[in-house]
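**Student:** Sequence:
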Amino acid sequence: MKHSHPSALFRTAVLLAALIIGATVLPAPAATPMEKAFERLEKSYKKLSEGLKSPSESSKPAFVEIARQIRKDAGVAAGYEPKMIATLPSNERAEFLAEFRKDMDQFTADCDKLVAAVESGDWAGTSKILDSLRQQKKAGHKTFRVQD
1 MKHSHPSALF RTAVLLAALI IGATVLPAPA ATPMEKAFER LEKSYKKLSE
51 GLKSPSESSK PAFVEIARQI RKDAGVAAGY EPKMIATLPS NERAEFLAEF
101 RKDMDQFTAD CDKLVAAVES GDWAGTSKIL DSLRQQKKAG HKTFRVQD
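Taking this note's numbering, the leading residue of the sequence shown gets 1, the next gets one more, and so forth.
Treat the hints with care, as some may be off.
Stated by the list, open to error - Pair by pair, the computed Cβ-Cβ distance ranges are:
(1) PRO33 / ALA98: 18 to 28 Å
(2) GLU50 / LYS102: 29 to 39 Å
(3) GLY121 / GLN147: 37 to 47 Å
(4) GLU42 / GLY121: 16 to 26 Å
These are calculated hints, taken from the structure and not from any lab test. Where is the CB? At the ideal position from N, CA and C, for every residue including glycine.
Build out the structure end to end from the sequences listed, making use of the hints.
**Tutor:** Rendered as structure tokens:
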């Protein structure tokens, strides 16, 4: 019976470990432009929500910039089609897309209201609009996003 050399066993073990580790840390699929816009929007939303816990007049310029970024990213995202459209029968796609556009028009209009509320320093109004945007996001994900 032939015995393997210890260094050969070690190299095999290292190779096997590298393969296992490599398989578990493969990069996620690249995000679509729409997903990237929504990711930026989400980060800005969280930053503004956090800042509103103790708003001040001195933080208003930064809040205005964040609110404008939210509006910009909402507009960018609205220009794309959700991935879910590809999963639908072709005869349902136009209606689905029209409904998506309608919802995104409302979302971006509310983002315009958000900008106006922040610019005027209406922190209570800003918080209410952020809550509304969060609810719209939840509803939109249920309707327009492929569920994992």
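**Student:** Decide, hint by hint, whether the structure agrees.
**Tutor:** Evaluation of the provided hints:
1. PRO33 / ALA98: 18 to 28 Å: This hint holds: roughly 21 Å between Cβ atoms.
2. GLU50 / LYS102: 29 to 39 Å: holds (31 Å)
3. GLY121 / GLN147: 37 to 47 Å: holds (39 Å)
4. GLU42 / GLY121: 16 to 26 Å: Holds: the Cβ-Cβ distance is about 24 Å, inside 16 to 26 Å.
Checked against the numbered hints given earlier, this structure breaks none of them.
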